[in-house]
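J.: Sequence:
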Amino acid sequence: MALPPSTANWHWKNKNVTNWGKEWFERELVTISITGDKEGEVVSISSVTDVDGDVELGQRKSKLITIYDCKMSLKWSGTASDGTEVNGSIKIPEVSHEITLDGLSEYVYQWSLKTASSPAVDSLFALAKSRLPVALEAKFAEFPVAIIDTHGKDLTISADPSRAGTPTPATSKAPVTASTSAPVQPKKAEAKPINIKTVKVEATFQASAEDLFGLLTDEKRIPMWTRATAQSAAQAGGEYSLFGGGVKGKYISLTPPSEIVQTWALQSPTWPSGHIGTLTTTIAQSTDSTQVTFSLAGVPTGLEDEIKRNIEGYYIHGFKSIGLGTEL
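Note that this note's numbering numbers the sequence shown so that position 89 is 79, with each residue one more than the last.
Worth flagging that the hints you see were computed from the coordinates, not collected in a lab.
Glycine included, C-beta positions come from ideal geometry on N, C-alpha and C.
Heads up, some of the hints might be wrong.
[Stated by the list, open to error] Each pair of labels, with its calculated beta carbon distance range:
1. E200 with S102: 21 to 31 Å
2. G292 with V32: 42 to 52 Å
3. P109 with R299: 40 to 50 Å
4. N4 with G227: 41 to 51 Å
5. S23 with R299: 43 to 53 Å
6. E16 with P83: 28 to 38 Å
7. G235 with D201: 41 to 51 Å
8. W101 with D44: 30 to 40 Å
9. S108 with S63: 20 to 30 Å
10. K61 with T245: 39 to 49 Å
11. I242 with E16: 25 to 35 Å
Construct the complete structure from the given sequences, taking the supplied hints into account.
T.: Structure, rendered in structure tokens:
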């Protein structure tokens, strides 16, 4: 007898997707290209020469978990302001779930320059070292989402029979008679009530309240700390999208520079479809620092620890990564 979906999804399962992961890095990282401030300057990732490590997707207690730890070697190339063709390499000892999602450490980049030094070449090398990591880390943030989007369905057993596979119908020469009866309207599934909690995370930053408010709402400044594309129409009713679409919602109210209230939904298999939380961010400036409190109401029971780690890892670690200095 087959286990019901709720029981089957509770047990540990995993899928090795190492080859797919290597191909993803080889395909996606070479799309990175940066234009410098000086006329003619451009630098890009030209190839991924090696990816060594393992990539897996696991499921435990109905939660999908990305498990990966890779080291990689890349080649970069570009054109200096004087027209010189420049090339070099980058080694990244660790690209892992622990860095990308948990924020337990920083990425390390080991750089080399193959082209003879000159003022124009050195300027391009400086551009590569300052701007390529930001673009690379934005891509790395997309990787766990891509794993789940591509392979999550292979581990999750759905209660919907239509997703269990559709058999190929047998061919028949008999004519098909159209039915004149009215089609049966399917009953709408009633949404099950969700038990919810509130998750609160506080941090102190070495920045003004005005700067922090701008970093949280200004579409042009958000990518500085999220390392990913963002959309933000910072007005009541305006929509926003952070972390490359990983978090979406609408602004309910904005009170510069002290409070932001917005709907909040995580685009993840663990977050119930259609469920919306409310994130209230309060910003309180003192004489030498500013305290920020993230209070997310509507977190489904059982996800409190995961959501707290996400806020600490994505929001707070994001601000730390741009040198604001934080204290949990």
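J.: Against this structure, judge whether each hint is valid.
T.: Results of checking the hints against the structure:
no. : hint                       : verdict
1   : E200 with S102: 21 to 31 Å : 41 Å, violated
2   : G292 with V32: 42 to 52 Å  : 48 Å, holds
3   : P109 with R299: 40 to 50 Å : 46 Å, holds
4   : N4 with G227: 41 to 51 Å   : 43 Å, holds
5   : S23 with R299: 43 to 53 Å  : 33 Å, violated
6   : E16 with P83: 28 to 38 Å   : 18 Å, violated
7   : G235 with D201: 41 to 51 Å : 25 Å, violated
8   : W101 with D44: 30 to 40 Å  : 26 Å, violated
9   : S108 with S63: 20 to 30 Å  : 25 Å, holds
10  : K61 with T245: 39 to 49 Å  : 46 Å, holds
11  : I242 with E16: 25 to 35 Å  : 42 Å, violated
In this structure, the earlier hints numbered 1, 5, 6, 7, 8 and 11 are contradicted, and the remaining ones agree with it.
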